[in-house]
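K.L.:
Residues per chain, in single letters:
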Amino acid sequence: MAHERKAPVCLHVVNERLDIGHIRITAVGSSSLVLIGDTERIALSSVFDTPPESVIVGPFIPLSPES
Amino acid sequence: MSGTADLPVSSAAPFRTHRTSIVGHVRLNSVQFSSHVQVGDNKAVCPQSDVLAVQREIPVFRADEGDFADFSIFSATPPWTPAREPVRVFVCHADPAIRVRSLDVKAVSVSSVLQIGANRCVRAVNRTKHIRMLLPRQEDAHAPWRKTERQEEVTGADAPPSVSG
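Chains as they are written, first to last, in our numbering: chain A, 1033 to 1099; chain B, 11 to 175.
None of these hints come from the bench; they were simulated from the model. Certain hints may be false.
[Unchecked claim] Using C-beta positions, here's what the derived DEER-type ranges look like:
#1 B:R94 / A:T1082: 41 to 49 Å
#2 B:D77 / A:C1042: 49 to 57 Å
#3 A:V1046 / B:R37: 31 to 39 Å
Glycine residues also receive a C-beta, built at the ideal position from the N, C-alpha and C atoms.
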């Protein structure tokens, strides 16, 4: 297999003055991030499972205990 | 600390490519379920949480209930984006500081991160399984959707006499 030399994507960022007055947040939830600062890599993952079968109508049967 | 204070750039800073964050006032009400609040720099933040959220019409729970092994969602690995991407990034900080006068957060919850400062990597994982258990009604045990109709009828019958005539 021949090696292809691709020119990489170059991204130039210039951060100018950043001066913020007031930040008001109600809630930060389920793998979320509030960052006042710099970072290089962010990976946030949230898996949420609520299928129709998750509604169980019937007598309460306790879940099996942790083994 | 004044929100607009002039701050010198320290050459001893652990991340020379990052700016200094200056926050005057922070008000935070609650932090819960594998969440992080950090003031200062760090290398990586990796909060993880597995949640089995069971709601019952009558809240009766046993202390030892629930096994993550019974639910496939907790063994699934999230689809991560590739760690390295073929992008060369050049960052120039014309202003060495980020200034925020005040920060007001009510709640930080479930694998979330609130950080004032720099980091290199954030990797948060949350897996939540919801289960709702309701008691059966005699007439609509097999048709739970009838519940709303029945409720409407009851509301009509219970209406005050002045409205019904």
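K.L.:
Now, for every hint given, state plainly whether the structure supports it.
P.N.:
For each hint, the structure was consulted:
Roughly 35 Å separates the CB atoms of B:R94 and A:T1082, a value that falls outside the hinted 41 to 49 Å. Against the hinted window of 49 to 57 Å, the Cβ-Cβ separation of B:D77 and A:C1042 comes to about 50 Å, which satisfies the hint. Look at A:V1046 against B:R37: about 32 Å separates their beta carbons, and that is inside 31 to 39 Å.
Hint compliance for this structure: hint 1 alone is broken.
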